[in-house]
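Asker: The listed protein sequences correspond, in order, to chains A and B.
The first sequence: position 43 = 43 (the numbering used here), numbered continuously.
The second sequence: position 63 = 1063 (the numbering used here), numbered continuously.
The set of hints was computed from the structure by calculation and includes no laboratory data.
Incorrect hints may have been included.
Stated by the list, open to error - Here are the computed distance ranges between Cβ atoms for each label pair:
id	chain 1	residue 1	chain 2	residue 2	range
1	A	Ala-71	B	Lys-1019	45 to 55 Å
2	B	Arg-1044	A	Pro-137	31 to 41 Å
3	A	His-77	B	Ala-1060	24 to 34 Å
4	A	Ser-12	B	Gly-1033	49 to 59 Å
Since this is a predicted model, take the numbers as computed values, not measurements.
The C-beta atom is built at its ideal place from N, Cα and C for all residues, glycine as well.
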Amino acid sequence: MIIHTSRFGAVSITVEDVIQFPEGLLGFNELRRFVLLDDPTDEIFAWLQSCEDPQIAFPLLEPELFVATYAVQLSKHDSESIGLGPDEGVRTFSIVTIPQDPTQMTANLKAPVVINVGKRLARQCVLQDNSLAIREPIFTRLQQRVVQNPHLKIKNQAVYKGVAVKLNRPPEVEG
Amino acid sequence: MLVLTRKLGESIAIDDHIKIRVVQIKGKQVRLGIEAPKDTKIHREEVYLAIQNQNQESAATSSESTKAVAELLKSK
């Protein structure tokens, strides 16, 4: 099937690529079907693109990239809503906000997107842990990553394998 | 919306396991004590509103600005 997106044009995906959000995301309750896109021309982010609204896509990062220890405690309701069985794994992503000054960019640690990879069910889980920030500054921590591994793209340190649909675009020539 | 009047020290019960008690009344502020099963999520409404705002801002991100981040990370 083809979905239309304002950022990436028409994207060909399979039914299995679709990630269902039975309750939508906060503020976007009417949107239930998303797909995770991996844009080869973007070195850092994965995009959570709505299949229903071409304009709506969230840049995501894996929280492990900027928080050493990030343990998500899911409530019973969280686990049930993504149909999580005892042997099933989840992938966790933080929704990122990039203001005019990108050095002020933040990630939402309080309410990550948790995906049951097997069942392709997901939910934005509001965690009870009050020490987690809704707007955690992350620029300098990403910068440290780049300094430590100058030759390794941030995206290659995070693996979206098995979850994201790779967009069919020519990769940028590396300098 | 169901509206109930409660005095200081009185409570309301929701379902069988959730109890909300008026602990203190001071001017325009009311302190509430909440007893609920461990798995119940309890947040001030502002938390949800702040997350909604963050989502709205994030959803408006252009693909140019994510690439600008990549450039900036490399240059600094």
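Asker: Compare the structure with each hint and give your call.
Answerer: Evaluation of the provided hints:
Take Ala-71 (chain A) and Lys-1019 (chain B): their Cβ atoms lie about 30 Å apart, and the range 45 to 55 Å is violated. In this structure the supplied range 31 to 41 Å is violated for Arg-1044 (chain B) paired with Pro-137 (chain A), their Cβ-Cβ distance being about 22 Å. The given range of 24 to 34 Å is respected by His-77 (chain A) and Ala-1060 (chain B), whose C-beta atoms sit roughly 29 Å from each other. Separation of Ser-12 (chain A) from Gly-1033 (chain B) is about 55 Å and conforms to the stated range, judged on CB atoms against 49 to 59 Å.
This entry does not satisfy hints 1, 2, going by the numbered hints stated previously.
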